[in-house]
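K.L.:
All chains should be built: construct the whole structure from the sequences, respecting the hints.
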Amino acid sequence: MILNPDSLKPIYIQIAEWLELEILQDAIKSDEKIYSQYQLAEMFNVNPATAAKGLSLLAEENFLYKKRGLGMFVAPQAKERIRQKRINENLQQLVFEVVAEAKRLQVPPEELVNMIQRATQQAVKEE
Amino acid sequence: MHCIESKNLSKTFDKIKAVHDLSFTIEENKITGLVGRNGAGKTTLLKLIAGYLLPTTGEINVFGRNPFNNLQVAANLIFIDDQLALPENLSLEETLAAVGQFYPNWQAELARALLDYFSLQPRQYYANLSKGMKSSFNMIIGIAARCPLTIFDEPTVGMDAAVRKDFYRALLKDFMQYPRTIIFSSHLLSEIEELLDDLLLIKAGEKYLHLPLDELRNYAVGLTGRESIIRKMTGQEQVLFQQKLGRDSIYLVARNTFDQQTLQQARLQGVEISPVATDDLCIYLTAQHKGGIDDVFSRN
Amino acid sequence: MMSFHETNLLSVTKKQFIYKLQANLGILISLMIIQLLALLLSTAGVSSMSVGTNLTIINLKIISGDIIIVFTLIWAFIVGYNTAGNAYRLDYHFVTNRLSSNLASGCFLLLTSLLAGITATFCGVLLRVLLYFWRDLLTTKGLSMAPALLMKGSYVTVLYACLLSALGYFYGMLAQRNKALTVLIPVLFFGSLFAAAKDTRAAQLFRQVLVFYFSESSLALFTLKIVLTVALLFITIILFTNRMEVRK
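Protein chains in written order, with the working numbering: chain D, 5 to 131; chain H, 393 to 692; chain B, 8 to 255.
Hints were generated in silico from the structure; no laboratory data involved.
Just to be clear, a hint being listed does not mean it is correct.
What the hints assert, rightly or not - The list that follows gives simulated cross-link-like pairs (lysine-lysine, DSSO-like), each with its CA atoms no further than 27 Å apart: (1) H/LYS557 to D/LYS57; (2) H/LYS422 to D/LYS57; (3) B/LYS255 to H/LYS407; (4) H/LYS599 to B/LYS255; (5) H/LYS565 to D/LYS37.
P.N.:
Set out below in structure tokens:
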């Protein structure tokens, strides 16, 4: 993945979010070792201190735990907790923005709901 | 530990203050970007750190010592810029060998491999290289020397974008193997920002900002929308840049001291909130006029 | 983790000396060219005079190796001057301070003076050999030379080369510090030469200086004079450059 330099989000948060995505998509499962700060720094071409900050962000939220001398591991139930967090924060935020845009365009709520349902059906079909 | 400590450092050339009352510290084993406009005093500052120049007033300490004419400091730093003068009678490989003997951590194999990667012929002569290739060769010396303090002053002059990218990556990889204090001055902040720990921004010889790069990204926001709404939410002191768009719209860059709620509110009122590229931000921060070049023309 | 590396003056000076040698190998070629040129000029004779009547003309030619020595000393001066310029231009990119740079330059000039002095003497020998085979000689005064005399000749030439290259280095360093001095010093020098032609006080002083260096008959005293002068020049330069800013 390439980081988005135009995002308001600091690089370390973008790295943390990418790691969350890896966990959500089962690329790294519970109690498996996650990438080290140096691996991340190489992957994203960023300063290792920045990568470390991304990791410690996840550790603070207890999505990761440290094993002395071995590195960071994915916490049990991390996946489910990340899912909950992202629903409450990201998805909620996106919904607000969609609603605001609908309001600007004078789209009535019913039509907005319809649009969402249609989009959902399409996404299911593509899978 | 501090690698560099500067206290009220000033340097005057013929009554012109190149560096003025600069105080800062640079931590050991961090990569710091030095940014500023042309003539802001970047090179003068770096030469004071390297011990080439004498401060007019104030103090500079490198590894806890005064760097001027100091052999111990000189043995632990390397200064790479595009003014590097090398013996004309030596080929590139001979030059690497001759230079390498000065540095206890010199990586002869790495230097040779980089030479090869960047298509520099070992038998070539430095004087016959193009500007970009000279820069490449200088950077190879800077990386291979593995000095505890490595200073790059505009090292990528003349390099094409692909070579620059490779070099940033080479620098990062070598930095991870051998952490050291690196100062990197460049006009191309957007290219190097991801490598950096900290940013030191100077304006007219004075320190303007010194902060971790992550904070710079959050330092300001761009607001686009109805002028009346945006004016209401920003104080005059926050404004870094403004540009009128259409009849009553405006693009305004402001210091990001807003809380999430204010931003959310603004978004719902149709204000578009965008990040400000660090390059642009530095331009706004170091500008003399808030309207930029437009100010000159709007007066006439 | 990268740790601070302690170094010392001696090891840095040594490295710098080697670096200077590598960077300046070309000057050895210039020495050979200069001496060959001087050799060729010498075979033509340094001075000649003709005496005679309507019937006979005697051409008297004096041939000596002095030109070789003079050329070599001029070369030594130029090398000194260039070494100062190169030191200022090249040294400060890598590990150096002002003292180590001057010391390394001093070692370098000592080496070039040694080479110049010895080769100049041998060129003198070569000149004699050439003359022996090529020319009809009226007199062969000084054609053969005792080894002891040869050694002494070399030794003196080396010392003169040291003096001249130290002077060149001194002048070169002054010039680096202040461009106006590049003009001022030659003006003063040649001015005093002209003044020396007249019989003024300054002229007397100037002549005394020349006598002091060039008419010393005791080898030990001569050595002492040169060594002290060279040391004085270098100490002055070291003090003078100690606060010098570089790479402006």
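K.L.:
Under the criterion that the straight-line Cα-Cα distance not exceed 27 Å, is the pair H/LYS565, D/LYS37 satisfied?
P.N.:
holds (22 Å)
K.L.:
Hinted pair, alpha-carbon criterion (27 Å max): H/LYS422, D/LYS57. Please report holds or violated.
P.N.:
holds (14 Å)
K.L.:
Hey, H/LYS557 versus D/LYS57, does the alpha-carbon distance stay inside 27 Å?
P.N.:
holds (24 Å)
K.L.:
Between the alpha carbons of H/LYS599 and B/LYS255, is the straight-line distance 27 Å or under?
P.N.:
holds (22 Å)
K.L.:
What's the verdict on B/LYS255 and H/LYS407, does the C-alpha distance respect the 27 Å limit or exceed it?
P.N.:
holds (16 Å)
The earlier numbered hints are all upheld by this structure, with none contradicted.
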